[in-house]
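K.L.:
Letter 29 of the sequence shown, counting from 1, is numbered 211 in this note's numbering, and no numbers are missing.
If you are wondering where the hints come from, they were derived from the structure by calculation, not from laboratory data.
Cβ atoms here follow ideal geometry from the backbone N, Cα and C, with glycine treated the same way.
Be aware that a few hints might be false.
Claimed, not checked - Listed below are the simulated DSS-like cross-link pairs for lysine-lysine, each with C-alpha atoms no more than 25 Å apart in a straight line:
#1 LYS272 <-> LYS284
#2 LYS295 <-> LYS313
#3 LYS324 <-> LYS313
Claimed, not checked - What follows is a list of derived Cβ distance ranges for each label pair:
#4 GLU213 <-> VAL241: 51 to 57 Å
#5 GLU190 <-> PHE219: 25 to 31 Å
#6 SER323 <-> GLU278: 53 to 59 Å
#7 PHE199 <-> PHE219: 54 to 60 Å
#8 GLU278 <-> GLU213: 37 to 43 Å
#9 PHE219 <-> THR267: 48 to 54 Å
#10 PRO282 <-> PRO314: 52 to 58 Å
#11 GLU213 <-> TYR248: 56 to 62 Å
#12 VAL244 <-> HIS266: 25 to 31 Å
#13 HIS266 <-> PHE199: 28 to 34 Å
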Amino acid sequence: MLSFTPIEITLLVIFIFYLTLNIETPLVIAEVIESPFGLLALLLLLLFLFFYGNPIIAVLFVFVAYELLKRSSFTTGRSALAEHTPTQLKKDIQMEMMNPKKEATLEEELVNKMAPVGKGELPQLIDTNFKPLAAKMDGASKI
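Full structure from sequences and hints, please.
P.N.:
As structure tokens, then:
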């Protein structure tokens with residue numbers, strides 16, 4: 183059986199108290215824990231406990247870290263923000279309700295009816311005797 187050092191027994195008691203009692207995380211600590219630095223510190227502490235500490239303490243610390251993150255998110259209000267933020271689908275549905283589909287205006291209907299582009303008879307070319315003359319272009323540059 184594994185033997186516990188006095189420090190490990192103290193940690194075990196603190197972890198059990200933290201898990202059983204509903205202790206609210208102070209706002210200052212909660213903001214630090216939810217920062218990238220705080221998450222990295224929790225991960226490093228977890229790895230340290232698994233490699234150099236008692237495995238029972240390390241497994242218990244997994245639950246403590248989870249509870250700490252959960253209680254910190256309630257303290258800072260991020261859980262409420264994530265819970266009440268609408269999804270993109272809900273936002274799209276609301277936007278469609280606020281902006282109904284555009285119907286064609288009277289002007290667009292008349293233009294489509296009177297002058298449809300690309301529809302109808304093809305124009306007839308007439309052969310005439312007229313031949314246009316152009317001035318000599320010596321020395322001019324090509325465009």
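K.L.:
Please name the hints from earlier in the document that this structure breaks, with their numbers sorted from lowest to highest.
P.N.:
Hint check: 2, 4, 7, 9 and 11 fail, others pass.
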